[in-house]
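Participant: Sequence lines, in order, name chains A and B.
The numbering used here puts the first residue of the first sequence at 38, with every later residue one more than the last.
The numbering used here puts the first residue of the second sequence at 38, with every later residue one more than the last.
Since the hints were derived computationally from the structure, they do not count as laboratory data.
Worth double-checking, as some hints may not be accurate.
You can't tell identical chains apart in this list, so a pair holds if it fits in one copy or across any two.
[Said to hold, decoys possible] Below, in silico cross-link-like pairs of lysine-lysine (DSBU-like), each with a Cα-Cα straight-line distance of 35 Å or less:
(1) K551 <-> K143
(2) K103 <-> K378
(3) K103 <-> K155
(4) K155 <-> K377
(5) K597 <-> K452
(6) K475 <-> K597
Okay, here's what each chain looks like letter by letter:
Number of protein chains: 2
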Amino acid sequence: MSSPRVRVVIENITPCIDCGRFPIKRTSGEPVVVEADVFTDGHDQVAAVMMYRHDSATEWHRAPMKAVGNDRWRAEFTVQQLGSYQYSVCAWVDHLDSWRRGIRKKYEARQDIHVDLKTGALIAENMAERAHGTDAQRLREWAAAIVDTRRDLEARMALIQTESIRELELRYPDPDIVLHWDTPLEVEVDRERARFSTWYEMFPRSAAAAPGQHGTFADVQKLLPYVASMGFDVLYLPPIHPIGTTERKGPNNNPQASAGDPGSPWAIGGTEGGHKSIHPELGTLEDFKQLIAKAGELGMEIAMDIAFQTTPDHPYVREHREWFLERPDGTIQYAENPPKKYQDIYPFHFESNAGEALATELRTVIEYWISQGIRIFRVDNPHTKPFPFWEGLIREIRRLRPDVIFLAEAFTRPKVMYRLAKLGFTQSYNYFPWRNTKQELLEYFTELSRPPVSDFFRANLWPNTPDILPEYLQYGGRPGFMIRLVLAATLGASYGIYGPPFELMDGRAVEAGKEEYLDSEKYQIRQWSRDNPASLREFIALVNRIRRDNAPLQSDRGLKFHATDNDNLVAYSKTRDNGDAVLVVVNVDPHHTQSGWVQLDLLTLHLPDSGTFQVHDLLSGARFIWQGPRNFVSLDPGRAPAHIFRIRTRVRSERDFDYFL
Amino acid sequence: MSSPRVRVVIENITPCIDCGRFPIKRTSGEPVVVEADVFTDGHDQVAAVMMYRHDSATEWHRAPMKAVGNDRWRAEFTVQQLGSYQYSVCAWVDHLDSWRRGIRKKYEARQDIHVDLKTGALIAENMAERAHGTDAQRLREWAAAIVDTRRDLEARMALIQTESIRELELRYPDPDIVLHWDTPLEVEVDRERARFSTWYEMFPRSAAAAPGQHGTFADVQKLLPYVASMGFDVLYLPPIHPIGTTERKGPNNNPQASAGDPGSPWAIGGTEGGHKSIHPELGTLEDFKQLIAKAGELGMEIAMDIAFQTTPDHPYVREHREWFLERPDGTIQYAENPPKKYQDIYPFHFESNAGEALATELRTVIEYWISQGIRIFRVDNPHTKPFPFWEGLIREIRRLRPDVIFLAEAFTRPKVMYRLAKLGFTQSYNYFPWRNTKQELLEYFTELSRPPVSDFFRANLWPNTPDILPEYLQYGGRPGFMIRLVLAATLGASYGIYGPPFELMDGRAVEAGKEEYLDSEKYQIRQWSRDNPASLREFIALVNRIRRDNAPLQSDRGLKFHATDNDNLVAYSKTRDNGDAVLVVVNVDPHHTQSGWVQLDLLTLHLPDSGTFQVHDLLSGARFIWQGPRNFVSLDPGRAPAHIFRIRTRVRSERDFDYFL
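In isolation and in its complexed conformation, chain A is listed as follows:
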């Protein structure tokens, strides 16, 4: 940068996370809009080129950037191939273009331009030295032509503006004056399901038809149509590994298990094996692989739980004591968060000298299940293992299998959650369970949907999980479940529910003020009346069908909140550049009818300032004619606590019969 010959400046490239330390995220088919400030001293023009390539390519693609005002330049490319792309910007002082603009002004001011023409010819001849074949020849011909006094001056001025010559200019800049952005930035490209996914969590052991029986993979297989009928495309199972017996917990987290208590699936490791084994009562590896295959036939994937911790009975404890922390009394350090003790769980000791061997072994766990056909991993408590461990693991896995998806289950402080997303987790659990009011939803989802967060953090919204029965669901009744479902399914392109407690509206907590389920499946087998006519099953299916049919709901981009004059009414839209728009209005009060005026940002919705348009409620099927920005809404939670409107712009006049497409 110290040579005064390189006069151009490149600043503030976006998108960019932490000065390029981390890649941004996109899914195949999504655009990357690259911007940078590019300028130079004085009056000269600059040229800027965006460069990009997939990691597997040797050649860079180059695309000219366009000035969009205030020295900001922009270009975009679309990622297709999974894996990693790099993008960068180079720029230079464009002498030929500067000269072109100058000579035109002089010509228009009727000044003598003969010497200027020679200057331009010289610049082009120099450029020709750097060009090849016909390009070089064309530059030389052009140079000769503009100083050819036999030609009419006006014709030569026209020649100077020729578009094809400008293209050549961008191809052969003087490399001595070209500035390249220091380090290329990266975009990590995932498959579509990383962006748009609909999850259903269930405990396989509660899948048996007969009461009191331990469910098996075969039982789960029988339930696949049930899950698929609701429109889910990811079926997530808690850990399927052998469960430890030492210090096993009983129902409702009772410190003393009784004989026959199944224990928590997250207490991984027993005499039957560890993280690469299957709990015998669930079935065999073959059963599991068949489940994966059958799910696939119904358009669903099985997501596995990865919980990197062991019970005292795990084979690792015998075989690799060096992977655990030994206390001064010779015992292994169990998990604790003083004064709480979790004596049934041993955390791995990543700081040990054997840390690298441990990290390698844990990577083989992922690799093993990938080899069995798994492509989605829901990672339990990643925030209790070192960040560099995850960064290395995910990078290694994705290097060979970029279609693998990792969901981070880190309910912790915001910066920790963001760090995990930055370092590679594809999707992330988030604070949705505790964002209930209009202001809470607006602030949080505005933060998530804007850069830089939107470039690295893909939220997966869960109204409930086996660990979280939010107060809202405990007291909101049926409308509460419907409200939270609509919010999750329309605010988040990815969302999930823990069923059957969700669709069967189980709101019973273990005690008042706690978010723990009563008789939680974490510690016992449950029976569920999946065909209960009160089930939300149909409603869920409808909402998921709306998601599938409406592309704006399949991306977290394009989220915009609209003002309402009633704080119980939350209004937001999701739009796409092509004009597609979905408008959602939710009454977040599960107990009372709420009415009010929605003040639409018409520009966002691609609607004209005035005139009418149709809003078609995809939940009820009702259609309303609205006009202008201000429209009235009334929502009775007992009937339907939300509208999911498809906006249909008026494309014909009253001369036609069908007003709306």
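Given the coordinates of chain A, work out where chain B should sit on it, guided by the hints.
Facilitator: Relative to the frame of chain A, chain B by itself:
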């Protein structure tokens, strides 16, 4: 970063400009508040230390950082020595502190902690291995004491909390788990005048007492008391070099000069010499040095103009033709901004192969004048020379002379102006001349007074310059000049006026719609009635006295705008952490009395929510008792268009006679 042993994360260090590419700016005695996000996985505690050192020092100072919430950590240091400091952050997982918090909770829960005590002792013994002398001994003694079963358990728990042990912990972390921020950040430290300066610009050739005579340095010397009496501390002179004769411009930029026309001082270079020579009619080098010395006696510095361009008569043109761009017809390229031509000016050709030699020569120009005693340079049009040239020049100069100040006269696009400030210019001209309304002032000065801009861009506010007679001054009459002076002098810790046109309120433009002065001193010698009783001289002196007496006005930090219900009333305060506060209310309408309510942000002003306080108008001497946030103001521009209030908080009760300090 790939070892899972280094579990701590450092993110988002501030202050930081463009990912550390440029230093921040401070003046001697100012604090640098360093913040960073520091966290780790799991429940462990982290420790963070801020490190800093002056470039001339080999050892780093270390200061522990404090958590200020949401994983943000903070520490500060005060820069004293001029030149460059570096600062950085290191952090680690603090095992001893994590252990301390855990064992305390267990102890309070009455759990058995004997094994835990041994764990702590082991950590301390390991730490002792890294410590020296008495520190090592103290750690070992402490380790022995806490496991000494002859001691009372409660006494040992008290020992664990000992502050002196915590200090040792910060000193001897395990280097294998300490993370250092990649590259230290820099702060460039200037002397106080870089932050707080009051400039007066005048043309020496108009300084003669006798009409028609060419003023000399000796004449300027006689005017020093006049300038000093108004409270200025920088006297800036346009170029003092020999003026070219080729294509010399006549009065009012007449393309044809007549015999005896002095030409523009920015047309540098004649038979008498170039940038290192003095225009003979102004006097000798000795005269100039005497002027510098005499100004110094009155507390003023002479600022020189650096305009890196030449006339066709400059010695460089003969001796270093390679420093200019040759056109195809063999002539040298004169300055142009097509279709405008400036045939009296040759720009340097920095992109030439001789660019480095040129840059070196130009640096010797600065060095030459430094050797004559100059420490302040006002740089003409720096935005028409390459950024890397300035970056290298300023770095080289400041390496040896960090007391040198460079003011960038770049009236151009915002990003170009910011870049020049980032790369090293100490102060910058800015858009103040065209920011007249409440909204314009609020937006612009809010931007300038906040990071990151406030960390690199020091605005120097000029209501007028020889190039800029803003419309506001052409039509605003005497109140217009007073309003612009108060705004410049109180919004900007550094400001300047071009006199005598300013204090004598010359508002005559060369033609309507232009900002050019009629009979501009740029092209002719002017006579000024400096003792005209209508002069603003006394008012300027008063305003500058107020600046000297009130520290809040000597810094651009702490600027805050307050709401008013009349858009002609602009209200803002400058405050210091110690509670000092100045409140300015300006009527920006020079023609009518404007009244309204000011809604004060009392928290910013260190005032209580209710109760009375005194505002003392330092311009009129009037005192008002105000109460609460909402207070009435009425300003007649014909009498006094502004209040500059010193806020005096009520420190005694009604039991005393003197309410206010």
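Participant: Against the structure shown, which of the earlier numbered hints fail to hold, in ascending order?
Facilitator: none
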